[in-house]
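Asker: As a plain string of letters, each chain reads:
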Amino acid sequence: MNLINLTAQEIKTKVLNLEISPLDIVEQFLNNIEQKDKTIGAFAHIDREYAEICANDLEIRLKKGEKPALAGIPIAIKDNISRKGYLTTCCSLSLKDYKGVYDATVVSKLREAGAIIVGTTNMDEFAMGSSCENSALHPTKNPWDLNYSPGGSSGGSAACVAGGLVPLSLGSDTGGSIRQPASLCGVLGLKPSYGRVSRYGLVAFASSLDQIGSFARNYQDLNLLTEVISGYDKKDSTSVQKDLNLNFDKDKTITVGIPEEYFSDGLNTDVRIKVEEALDYLTKNANVKTIPISLPSLKYAIATYYVIATAEASSNLGRYDGMHYGTRFDGENLTDSFCQSRTNGFGDEVQRRIMLGSYVLSSGYYDAYYVKALKVRRLIANDFQDAFTKCDVIIGPTSPIAGLKLNEDVDDPMSKFLLDIYTVSANLVGLPGLSVPCGFGDKNHPIGLQIIGNSFDEACILELARRFENAGHNNKIAEIA
Amino acid sequence: MNFTEDNVREVAALARLKFDDKKIASMAEQMDKIVGYVQLIQDAPVDDLEPFIYPTELTNVLREDIPQESLATVDVLANCHKADEHFFYVPPVIE
Amino acid sequence: MTWQTVIGLEIHVQLATKTKLFCGCSLAFGDAPNSHTCPTCLGLPGSLPILNKGAVDKAILAALGLECNIQEFSKFDRKTIFYPDMPKAFQTTQLDLPYCLKGGLEIPLQDGNSKFIELNRIHIEEDAGKSIHDHTPEYSCIDLNRAGTPLVEIVTEPCIETAKEATTFLNRLRMILIYLGVSDCEMSQGNFRCDANVSIRKAGEKLGNKTEIKNMNSFSNIEDAINYEIKRHKKVLEKGGKIEEETRLWDVEKKQTRAMRSKEAVNDYRYFPEPDLPPLIINQEWINKIKSTMVELPYKKEKRFVEEYNLPQYDAEVLIQDRLLADYFENVVAKINGKPKEASNWIMGEINRWLKELKKDITSLGVDAKNLAELINLVGDDTISNQVAKQVLEMMIQTGKSAKLIVDEKGLAQESNTEELISIINKIIDANPAPLEDFKSGNKKAAGFYVGQVMKASKGKANPKIVNQVLMQELSKR
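Residue numbers (numbering that gives the first Met the number 0), protein chains in the order written: chain X, 0 to 480; chain Z, 0 to 94; chain G, 0 to 477.
Heads up, a few of these hints could be off.
[To be verified] Far from chain X, by Cβ distances over 12 Å, these chain G residues were calculated: (1) I80; (2) D223; (3) M471.
[Said to hold, decoys possible] What follows is a list of derived Cβ distance ranges for each label pair: (4) G:K358 with X:E111: 21 to 31 Å; (5) G:K253 with X:D347: 44 to 54 Å; (6) G:F72 with X:Y231: 20 to 30 Å; (7) Z:D42 with X:R271: 51 to 61 Å.
Quick caveat, the hints were computed from the structure, so don't treat them as lab data.
Note that beta-carbon positions come from the ideal geometry of N, C-alpha and C, so glycine has one too.
Could you put the whole structure together from the sequences, leaning on the hints where they help?
Answerer: What follows is the structure, encoded as structure tokens:
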């Protein structure tokens with residue numbers, strides 16, 4: 000039986016019915032991954048041994064009659080999620096040989112749910128980037144077009160789902176790092192509300208913005224994984240005690256706000272057409288009413304994001320000095336060893352962001368940049384608060400472009416900044432955001448539709464994903480030779 | 000200029016990064032662009048607004064003062080570049 | 000014109016909690032290195048902090064004891080420090096919105112006046128780990144057991160004028176914190192550490208450049224270091240020199256301060272709010288709950304001892320030094336028939352001597368308040384003499400037995416049997432006729448010889464009052 004192209008839901012059913020064994024799954028999926036990942040490079044580390052451990056554990060539990068929620072489903076996790084005893088390198092030279100000392104809460108939850116973790120996925124170093132090209136390991140290719148990037152920073156997680164290597168994966172999203180690659184790879188990617196999924200064990204990039212989320216090829220699978228990873232965790236002080244309840248009134252008319260600013264000049268025509276088609280479909284078939292709204296502070300979002308995210312990052316990444324773990328490069332003395340370890344351990348993009356973050360926090364600049372950015376963050380939050388008095392969700396494009404060519408503008412540090420224009424706001428405000436495939440552009444590159452919900456209202460955006468299912472964009476798998 | 004080579008040297012020292020002259024020059028050029036771009040926030044009308052620090056409304060997230068098991072020392076030191084069975088070894092600290 | 004000295008103190012006090020500030024690792028002094036660590040206090044990638052409620056409770060207690068203004072809203076901030084004993088590369092502390100402002104305490108001055116030492120603030124923060132330099136020559140060794148230990152930093156206003164004032168203040172502060180159970184304040188274990196900021200100026204001039212002195216681990220070090228530094232400032236300034244603002248370490252061997260060698264090239268801590276910790280709200284209800292657990296503060300107790308028990312000021316001062324000893328005193332007073340001063344004499348004298356000699360505290364000495372009261376009462380009702388009582392106390396400490404039991408077992412009760420006394424006295428008079436003659440010729444002091452002999456013969460058990468009475472009676476018969 001060929002399992003590779005099954006949905007997560009189908010695999011689970013077969014496993015619970017004892018039609019297939021967890022070890023069969025490991026065998027088939029790992030063989031497929033080992034072969035096809037040579038082409039796309041979605042994985043940072045393929046862990047057959049770990050997958051077998053997961054499978055054996057599950058086997059025992061199945062015999063006891065347990066029916067865990069993700070039984071036998073192969074899943075890949077981003078390389079910035081800590082796993083006890085296994086490499087967690089953030090695709091950085093500075094953590095090249097670092098093995099996790101403890102399990103992240105999401106890892107514990109996946110294990111508890113009987114998932115089979117097959118390895119970690121490639122990413123921009125420390126999740127800083129939008130193309131996966133900032134990985135210290137290798138670039139990842141977009142399964143739909145090998146000359147193109149899968150997006151980033153969770154590019155590996157998006158690519159391995161799009162290429163049919165796994166039905167599900169986890170990523171992290173600080174400014175669009177789940178939604179943008181989901182869009183570019185033609186899969187669904189959800190960044191939950193801040194506080195919805197425990198960050199315990201997620202290597203911090205920007206603590207007030209980071210959130211772990213899921214990739215899948217259809218909304219049912221996405222819901223399945225989201226339900227498993229969500230929930231209060233006493234190990235994360237920013238974890239919120241609100242239950243995820245995905246039951247939503249199927250007959251309710253959903254009011255969708257269309258922000259004019261999301262359809263302005265910078266938007267690629269293919270993307271505009273597909274997003275408008277999707278909105279048209281929703282209004283005609285999905286009991287959706289659209290209204291125009293305005294998010295006037297959008298123009299400040301990227302700058303605000305860069306100040307806050309890099310400030311927090313400069314602090315979060317201070318610890319990678321090679322003293323207690325990670326790669327050490329010896330210098331002439333202690334301070335020089337700090338400098339050597341950090342300068343040699345980090346790539347250019349990470350260094351630039353640490354520089355910006357250190358600068359905006361330094362004395363004399365703190366108020367002008369950091370405090371100012373926090374105030375603009377409030378302004379942006381107020382925009383969204385106003386909008387949600389008028390509508391249930393906000394819809395627009397996920398990314399202004401349909402395809403991102405590899406090796407383009409690599410010397411221009413600003414070239415990829417604006418790719419985050421539609422996604423960073425959800426992080427700044429803490430809102431849930433979902434990217435759903437809505438077709439392909441002229442060059443056959445996937446395009447994503449972004450649905451941003453009100454705080455802790457994942458139910459509404461996932462309901463829209465359900466109502467959009469019959470538009471026919473789910474379960475697309477790229478053929479990899 | 001929003002960001003000079005001297006700025007690069009100062010901030011790099013703060014951040015424990017060390018660049019050669021060529022890198023300093025290219026870094027200054029790149030940082031100048033980036034810092035120039037983020038000036039955008041200076042135009043935002045925010046005078047009356049409170050800084051947005053916390054994305055949740057949580058307060059007083061507290062833990063009872065009850066000991067939990069610590070890690071085994073061998074695991075603590077396993078990832079260290081240089082260690083013995085008790086200590087992390089680092090280049091000499093001078094006071 | 001003379002110089003004025005301006006001193007401000009920063010005191011780091013380790014809170015007496017069971018676990019660290021942001022993780023559940025237990026606090027243990029002297030355990031194997033790196034045996035009390037976890038992802039959070041090691042700063043491992045992906046780890047997160049959770050605030051210890053017990054630490055906040057203790058911090059509130061400290062604030063109440065020092066009559067500070069507890070702030071309803073406070074938050075935590077990160078302070079960037081690249082140092083191997085600071086594994087996250089930042090210290091979590093409180094910058095612009097600490098949990099506590101103002102407050103202070105009154106100290107007595109040598110001229111008999113008193114002075115209020117005002118606090119600027121108290122904030123909660125975490126401690127660093129330890130660097131060990133003499134383990135191997137080529138490396139420093141890092142032990143992170145102490146990393147993440149909860150501290151409060153108490154910052155005074157620069158209102159202290161002499162080294163003596165500084166140590167008087169510290170003594171009083173320390174006693175309050177120990178009383179309240181905020182901290183053990185063991186300087187030798189580093190859980191009460193003081194840095195001093197010292198500057199001097201001519202009267203009326205603006206503040207001079209200050210130096211910060213660190214590495215003073217006893218009160219005498221602190222006094223010596225401050226005095227040294229004041230002298231050094233004067234010397235430099237009187238020669239027309241300039242004081243560099245810097246951190247200096249006290250060298251206890253050489254009895255001098257020296258500039259720290261590893262001064263950071265640039266000192267910019269890049270503080271910003273800690274996004275991983277939601278703000279702390281301390282409401283009145285929480286404060287009241289802590290207040291209800293508070294014990295009497297030492298200087299209130301001192302005053303009460305003088306008023307309520309009629310003790311001399313000196314006695315009260317000595318007794319309150321240790322809260323347990325003060326409680327012991329009160330328990331003894333409640334059970335004795337005599338005056339409180341008698342209990343005070345015993346505790347300040349014999350009990351204190353034994354505590355010092357045996358290096359014990361009052362709870363482990365083996366003589367509880369009831370037993371000491373019994374002993375004091377035995378002296379009071381003339382069952383034993385003061386002299387014998389001291390021996391009995393020693394036996395009580397050695398055996399743990401009660402005073403009465405020892406007196407009975409050893410037959411130490413004073414002789415009150417007059418018939419036996421009469422016979423002893425007459426035998427002694429007969430054997431020593433000379434003093435009798437003296438006595439008869441009017442030298443009443445000559446009787447003293449017989450008293451001594453009788454006491455000797457009774458091995459001290461004779462009650463001297465009764466000996467005197469009977470002796471006079473017998474002498475007058477001759």
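Asker: A separate judgement is required for each hint: does it hold in the structure or not?
Answerer: So, going through the hints one by one against the coordinates:
no., hint, in the structure
1, I80, "violated, 9 Å"
2, D223, "holds, 30 Å"
3, M471, "holds, 84 Å"
4, G:K358 with X:E111: 21 to 31 Å, "violated, 54 Å"
5, G:K253 with X:D347: 44 to 54 Å, "holds, 49 Å"
6, G:F72 with X:Y231: 20 to 30 Å, "holds, 24 Å"
7, Z:D42 with X:R271: 51 to 61 Å, "violated, 27 Å"
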